[in-house]
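**Student:** Using the hints, position chain L against chain A.
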Amino acid sequence: MLEISDLTVAYGGVIALENVSLSVPEGSITAVLGANGAGKTTLVRTISGLIKPRHGSVMLGTQQLVGRSPEAIARLGVGHVPEGHGIVSELTVDENLRLGGLWRRDRADQRVAIEEAYELFPPLRVRRAVHASNLSGGERQMLSIGRAMVARPTALLLDEPSLGLAGGLLAQIMQRLVALVTERKLSVLLIEQNARSALSVADQAVVLSLGKVELRDRADRLAGDDALRHAYLGF
Amino acid sequence: MHLFLIYTVDGITNGMVYAAVALALVMIWRATRIINYAQGAMAMFTTYIALIVIRHGAPYWLGFVVALATGLVIGAVTERVLVRPVESRPPLNAVILSLGVLILLEAIAPMLFGGQTQSFPVPVSNTDLLVGGTSLDISPFALFTIGAVLIAMLLLFLVFQRTTLGLRMRAAAFNPEIARILGIRVGRMLTLGWGLAALLGALAGMLAAPSVYLYPSNMDEVLVFGFTGAIIGGLESPVGAVAGAVGVGLALSYVSGYVGSDLAPLGGFAILIVVLMLRPQGLFSFGRQRQV
Chain A
1 MLEISDLTVA YGGVIALENV SLSVPEGSIT AVLGANGAGK TTLVRTISGL
51 IKPRHGSVML GTQQLVGRSP EAIARLGVGH VPEGHGIVSE LTVDENLRLG
101 GLWRRDRADQ RVAIEEAYEL FPPLRVRRAV HASNLSGGER QMLSIGRAMV
151 ARPTALLLDE PSLGLAGGLL AQIMQRLVAL VTERKLSVLL IEQNARSALS
201 VADQAVVLSL GKVELRDRAD RLAGDDALRH AYLGF
Chain L
1001 MHLFLIYTVD GITNGMVYAA VALALVMIWR ATRIINYAQG AMAMFTTYIA
1051 LIVIRHGAPY WLGFVVALAT GLVIGAVTER VLVRPVESRP PLNAVILSLG
1101 VLILLEAIAP MLFGGQTQSF PVPVSNTDLL VGGTSLDISP FALFTIGAVL
1151 IAMLLLFLVF QRTTLGLRMR AAAFNPEIAR ILGIRVGRML TLGWGLAALL
1201 GALAGMLAAP SVYLYPSNMD EVLVFGFTGA IIGGLESPVG AVAGAVGVGL
1251 ALSYVSGYVG SDLAPLGGFA ILIVVLMLRP QGLFSFGRQR QV
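Protein chains in written order, with the working numbering: chain A, 1 to 235; chain L, 1001 to 1292.
In isolation and in its complexed conformation, chain A is listed as follows:
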């Protein structure tokens, strides 16, 4: 369970997030929707420790994440798939995957986890010795998700995974992700501008607007309510 309460973040004097609260139960996906500048990326970057909030709390299970360094938060089980993939393009596919769990003590399980990532996204296996800079957009996204999974996280933060992906490929990746979520009891926070794709896989959704939670509901209800969709999501 990932529980965010009363989170407020400001850049200088500008408020980016204001008293945001939301919880992501185990084995479920919460979509965070909203326009550019709504504070979506700020939210994930704050959870993973890259931005210090002004106040508020982020609990992963019984652990308080606020105040910890990004590396400590990763080690507590938060996987972050950053905006624009965040793969290290100077390294090979295999090296990128290994990076995901280098901090873990269990070296044998680390090898198993890497093998699982290749099984999850078979196109990566053929490309394992290739420099990540040579990957296609879809392969980069697979690598980024696979790398996060190598650390065996309990919470997974996905920042705009649809960016630059063709619809068919995105659906494929999302399908695998949904299977993982129930299997691993993951708490997934899915940041998306592409509301249609996000609502089709999410359990619940939160709409952010100018740093505030504007609306929260079950994903299927939000997708099914034409008036809400038009008003908040523009489709």
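Bear in mind the hints are in silico, worked out from the structure with no lab data behind them. Note that beta-carbon positions come from the ideal geometry of N, C-alpha and C, so glycine has one too. One or more hints might be untrue.
[Claimed, not checked] Partial list, derived from the structure: chain A residues whose beta carbon lies under 8 Å from chain L:
#: 1; residue: V14
#: 2; residue: I51
#: 3; residue: V66
#: 4; residue: P70
#: 5; residue: R75
#: 6; residue: E83
#: 7; residue: G86
#: 8; residue: L91
#: 9; residue: T92
#: 10; residue: E95
#: 11; residue: G100
#: 12; residue: W103
#: 13; residue: D106
#: 14; residue: A151
#: 15; residue: T154
**Tutor:** Chain L in isolation, oriented as in the chain A frame:
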């Protein structure tokens, strides 16, 4: 023709010392985007410490090990204490900081060690090898110099490419933010990177001192030549830095042999200026301009 051979051997030998400095500069540049102008002064410092150890009756090799170990510590402490606070600041702060460390070390050295020029011992003979009465034009110390730098490079290569520690260090250098969200303690990796670079610098100091002698600014020229090599190599590429530095060593040796030894340092600066004017991104890098 015989002279050419002598100059070539000399050029390669000196070039390997510059290569160690160049490689140290590249390591620090890649990890923290800082040109460590104090690289030479740090090496001067560790060489003095080695000299003290040796003067107290310890064998050369103990002095050698102490110099490298002190280099590791000085580099690590410099990163942790001085560089860390300016890392998120504008690049100019780091430039001024590293120039400050250079001036500081060269000012402290005469107080601690005396300002006069001192000779420095060699572990093996400095005179050319003879086989059956003919000179091989290379001394055991030159062979040691070339071999020691090659071994250091090989070890560094293996650490960076073949160990998980090296993978962590590379990730921390290439993309610190991503490394952090993957649980890598980037700060420690940078500290270690600076330590290893200063260790390499300390090696250069030990190898240069028998020929340039030891005094507080004895490494200034070596730093400029190493820097030139690193710039020729594009600053990003370890292989380019080594090739560039050996090239500088050869060029200087030919200038000093055929034209006049007084002109060698001038030749070094000339190469640096020409490269910075014509190809500031280096001969071995592509695209992306750099601010110097």
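**Student:** If a hint holds in the structure, say so; if it doesn't, say that too.
**Tutor:** Hint by hint, here is what the structure shows:
{"no.": "1", "hint": "V14", "result": "20 Å, violated"}
{"no.": "2", "hint": "I51", "result": "11 Å, violated"}
{"no.": "3", "hint": "V66", "result": "16 Å, violated"}
{"no.": "4", "hint": "P70", "result": "4 Å, holds"}
{"no.": "5", "hint": "R75", "result": "5 Å, holds"}
{"no.": "6", "hint": "E83", "result": "11 Å, violated"}
{"no.": "7", "hint": "G86", "result": "5 Å, holds"}
{"no.": "8", "hint": "L91", "result": "7 Å, holds"}
{"no.": "9", "hint": "T92", "result": "10 Å, violated"}
{"no.": "10", "hint": "E95", "result": "6 Å, holds"}
{"no.": "11", "hint": "G100", "result": "6 Å, holds"}
{"no.": "12", "hint": "W103", "result": "4 Å, holds"}
{"no.": "13", "hint": "D106", "result": "13 Å, violated"}
{"no.": "14", "hint": "A151", "result": "7 Å, holds"}
{"no.": "15", "hint": "T154", "result": "14 Å, violated"}
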